[in-house]
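Number of protein chains: 4
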Amino acid sequence: MAERPERGKVASYIPELAKIDPRKFGLVVVSNDGEIAVAGDSEAPFSIQSISKVFTLTLALGKIGDRLWQRVGREPSGSAFNSIVQLEYEKGKPRNPFINSGAIAVTDVILSGQPREALGEILRFMQFVADDNAIKIDDEVAASEQRTGYRNAALANYMKSFGVLDNPVHFTLGVYFHHCAIAMNCRQLAMAGRFLANNGINPSTGMSVVTPERAKRINSIMMMCGHYDGSGEFAYRVGLPGKSGVGGGILAVAPGKASIAVWSPGLDETGNSYLGRIALEQLTRRMGWSVFGA
Amino acid sequence: MAERPERGKVASYIPELAKIDPRKFGLVVVSNDGEIAVAGDSEAPFSIQSISKVFTLTLALGKIGDRLWQRVGREPSGSAFNSIVQLEYEKGKPRNPFINSGAIAVTDVILSGQPREALGEILRFMQFVADDNAIKIDDEVAASEQRTGYRNAALANYMKSFGVLDNPVHFTLGVYFHHCAIAMNCRQLAMAGRFLANNGINPSTGMSVVTPERAKRINSIMMMCGHYDGSGEFAYRVGLPGKSGVGGGILAVAPGKASIAVWSPGLDETGNSYLGRIALEQLTRRMGWSVFGA
Amino acid sequence: MAERPERGKVASYIPELAKIDPRKFGLVVVSNDGEIAVAGDSEAPFSIQSISKVFTLTLALGKIGDRLWQRVGREPSGSAFNSIVQLEYEKGKPRNPFINSGAIAVTDVILSGQPREALGEILRFMQFVADDNAIKIDDEVAASEQRTGYRNAALANYMKSFGVLDNPVHFTLGVYFHHCAIAMNCRQLAMAGRFLANNGINPSTGMSVVTPERAKRINSIMMMCGHYDGSGEFAYRVGLPGKSGVGGGILAVAPGKASIAVWSPGLDETGNSYLGRIALEQLTRRMGWSVFGA
Amino acid sequence: MAERPERGKVASYIPELAKIDPRKFGLVVVSNDGEIAVAGDSEAPFSIQSISKVFTLTLALGKIGDRLWQRVGREPSGSAFNSIVQLEYEKGKPRNPFINSGAIAVTDVILSGQPREALGEILRFMQFVADDNAIKIDDEVAASEQRTGYRNAALANYMKSFGVLDNPVHFTLGVYFHHCAIAMNCRQLAMAGRFLANNGINPSTGMSVVTPERAKRINSIMMMCGHYDGSGEFAYRVGLPGKSGVGGGILAVAPGKASIAVWSPGLDETGNSYLGRIALEQLTRRMGWSVFGA
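Each protein sequence line maps, in turn, to chains A, B, C and D.
Taking the working numbering, I'd label the letters of the first sequence as residues 104 to 397.
Taking the working numbering, I'd label the letters of the second sequence as residues 104 to 397.
Taking the working numbering, I'd label the letters of the third sequence as residues 104 to 397.
Taking the working numbering, I'd label the letters of the fourth sequence as residues 104 to 397.
Hints should not be assumed to be uniformly reliable.
[Stated by the list, open to error] Taking lysine-lysine pairs in the DSBU-like style, the calculated list, with each CA pair at most 30 Å apart, reads:
#, chain 1, residue 1, chain 2, residue 2
1, C, Lys-112, A, Lys-196
2, C, Lys-166, A, Lys-194
3, C, Lys-166, A, Lys-112
4, B, Lys-196, C, Lys-196
5, D, Lys-194, A, Lys-196
6, C, Lys-196, C, Lys-166
7, D, Lys-196, B, Lys-196
8, A, Lys-112, C, Lys-196
[To be verified] Label pairs and their in silico Cβ distance ranges:
#, chain 1, residue 1, chain 2, residue 2, range
9, D, Arg-126, B, Pro-118, 39 to 49 Å
10, A, Arg-389, B, Ala-121, 48 to 58 Å
11, C, Gly-168, B, Ile-167, 51 to 61 Å
12, B, Glu-146, D, Gln-217, 47 to 57 Å
13, B, Ser-115, C, Arg-170, 52 to 62 Å
14, A, Arg-389, C, Arg-170, 57 to 67 Å
These are computed hints drawn from the structure, not numbers from a lab.
Glycine is no exception: its CB is placed at the ideal position from the N, C-alpha and C atoms.
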């Protein structure tokens, strides 16, 4: 860090996020056998933003299974998180569930009826996998995004024009903006990721959240697409499936070993937590946790 | 397979490759402790084509280390193996070392002086990692590609216009076409991949080929970019770092466990061996070798 | 016509337009010295759609002059009328005022305050240049577009995210959908175009609508961009500045000579009236009116 | 000019062109009735570069007529003169005969047999339309381009891969580089353009070069595509069909009136002569020659 002391730039396009203290840093590791290691601001809640897409993907696969892949691809996009170019070339079908367009399409799958119901379902699922009913949506962040989310409105309307969305655009966007505004701390987030590190099973209760096969496949999508156009960089340096959010959080999964959450609000130029990735790189190197070799 | 009996389509754009018998199939697994399992046409040589890019990448990193990344990126491309669009938007810098443009840029790094010398170096390295001096270049395939490789000539000239290549275009292309024309059988290829499955060390001799760190990172690039625009699909179904070639071969690496080579000439629509991927999917599922979970 | 009897395909993406009788055909020529020639369904009103963009461009230039060009370019787009790709590469600035994004940006310039006022201003301007107060907006067509105009909503939201639009998105879109839904017949439309054929002056009243310089420049933009990705074809075959609409109308201007309106609902694959263009090609050839030579 | 005293930037990517004195300026107008007006360096030869494409287009149309349009489109490109992106999206078919790829495809049509013959044919045609046998190719410029023309080599190889070129790539490129290196002065160039201003007929000899129809259509393509991604700007400001070259020359055609050549080596950011366009803008305004109105 000596040669690069700065911490990246806090996301400013969502006004509420721009207010966050850039010096915050938290890290929590929950091993499959139940040990928890915490560091820094591990109890401070932050906006999980795109990390929520891992959980909406899990829910949507639970609802319609592999039919989801008729609506959304699962290839890396080779472009920024909010690019609309790919949508035009591929007739409204998003490349994967983790770029914004793909996550909006996934949200649309979960939604059938009133936005409030879908949102409740997402929040309850998050509370369930984290074993923590205190998890909430930060309504101010959601409102801030809703007021300024023109780019996402463009993506949603564009997909709607191709028939990719079933629900009214403002319904789907409403649910999307709100699930991105879920606030969690590192401990809650690491807890929520345990089923992905443990073949689909919550290791503390022994209850199955998804099949081992599905856990494996969600992990593969996190590896390939979890960091937008910095996914290759994350695989190269960290070597774990992971998903970042512009709030500065990252959820990483060491299959068979541990679930890890890190938070540092400053972002690199690809929109991923700058210190968060460095912390994960050091952690996986010391622990030998990279899936690509010791 | 009952519901889809066909085997994909043999690559036809290189005339020599179009002559291959589509019913060929070979599979070899070499475990890190030296066991070898063989199946089918495991001794029949085939054109390794783009699989050679794993080894030229290794050589180029050995020559100039991380300076390589000033010339070539390491992000998935989100497009076909021979797309030129990305090059224009990113000013001649290829997205990764495994798309054609990137591999040509890597070849240019290895080349300094006469093409014959660079080619000798590449071939000797291949013989070294495979412990097999019988590995040869198929000159007819190389000549066939050289006569018809207009798309690659376009990519090379385009990069040259941006100053990305140091050598005369036809020198670099000559080496590229020839190393793609290396002929190997599944056994030789699986042997050649052992250092990647074993933290950089040839498990039979104990000699270090690359550092553990570098082996890990080459694996990460294979995972993210090894199957062009089918890389997400390969990660999703197989869950191992791998590199395919249009000759129908795939080299896959199970870190800490085994090196695997498979060959079936029929390709799917993303240019990767159709049966090869299915075989690897079944193998990794039964063995629990996916890096993403059991 | 013997060798190609069909008439193209009526636009179907706006439900109300799909109901039009495809056999309709009208043509009106108004010469600068006041002669009128009529043929076919010259009194049947049709939806002028994108032809309205010529008049909103004129109004916006009247309001803010050349500052308009900071928001909108004036180069041909090389792509379809509703492409969003160019907007991403050029940071939300539309290529020209006649593709949908550009026309929405022009509408936004006219709008300041309530949509109703802007719409009244546009309609009165149309009535003024056509000398005809009977011209109206077809509210059913406007409502039909508003319900289904997701692609335009995507374009507008996308520009809004770049700060290209000043007004609330739904205000600007509301005005846009309504001015596209103005209904006119060929006679009214040919009358409305007279000032462009006559150096900016209404030839019947002698009143100046725009300066000669501005009339010339609007004509140049019609020539270069008036038929989307069929603009080159129209220049090649007809050789006049013109603007088409998906309702099947075309307004063409023979500078110094005449204003021409033609209407046939069937469209070619670039979204321009198929028979309309053929009629104009024959007319200009016989009259020697092409600006490119006899 | 007071507010912007500079003259643009001399093209530097062809080394020989970078040596030209940027203060040169020449202008020649040849009216259809034979009057000649000259100004400045009207007798100094310069490299006509892309202006030669008007004449190769004329020759190719003479050879295969409208079948040419199966190989090359005639729509504006909406991108830079040497963009390769469009070629990928449209399967190797260039958008128009005046972008580099299109002009290379046109050259390929003229070539059948030895490059020397095709080159002789092009040069003789140029001498014929200009009534001047002293016109020559500047071999040093041609050699300079051939040594450094990697971008054009990329375009040509790319088209070859789609089967758009019939001849060996280096044959076609050789002819292309040489006809771009034809050296002419403003007087010769204005003379050469007379048939386009006079319905296809050389006004001094009365001999027909092309049909009136064809002259008209070549003019339309010059209007739509003659200045790359500055074509809209040229139409807007000058209002005449014209073709520019990176040597700083522009040939403009006032149909029925005059042929005009202007030369000033400094280029604007779209690669067109900066002062040349301003001179033409002033000329056409004073003369009332814009095809779009007085």
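To see whether the hints hold, each was checked on the structure:
1. C:Lys-112 / A:Lys-196: holds, 26 Å
2. C:Lys-166 / A:Lys-194: Judged against 30 Å, a Cα distance of about 38 Å means the pair is violated.
3. C:Lys-166 / A:Lys-112: violated, 40 Å
4. B:Lys-196 / C:Lys-196: Cα-Cα ~27 Å, so holds.
5. D:Lys-194 / A:Lys-196: Holds, at about 22 Å.
6. C:Lys-196 / C:Lys-166: Distance ~19 Å between C:Lys-196 and C:Lys-166 Cα, so the pair holds.
7. D:Lys-196 / B:Lys-196: holds, 25 Å
8. A:Lys-112 / C:Lys-196: Holds. A:Lys-112 to C:Lys-196 sits at ~26 Å (cutoff 30 Å).
9. D:Arg-126 / B:Pro-118: 39 to 49 Å: For D:Arg-126 and B:Pro-118 the Cβ distance comes to about 56 Å; the hint is violated.
10. A:Arg-389 / B:Ala-121: 48 to 58 Å: holds, 51 Å
11. C:Gly-168 / B:Ile-167: 51 to 61 Å: At roughly 56 Å between Cβ atoms, B:Ile-167 and C:Gly-168 fall inside 51 to 61 Å, so the hint holds.
12. B:Glu-146 / D:Gln-217: 47 to 57 Å: With Cβ atoms ~50 Å apart, the hint holds.
13. B:Ser-115 / C:Arg-170: 52 to 62 Å: For C:Arg-170 against B:Ser-115, whose Cβ atoms are near 56 Å apart, the range 52 to 62 Å holds.
14. A:Arg-389 / C:Arg-170: 57 to 67 Å: holds, 59 Å
Figure legend: structure checked against the earlier numbered hints; hints not met, in rising order: 2, 3 and 9.
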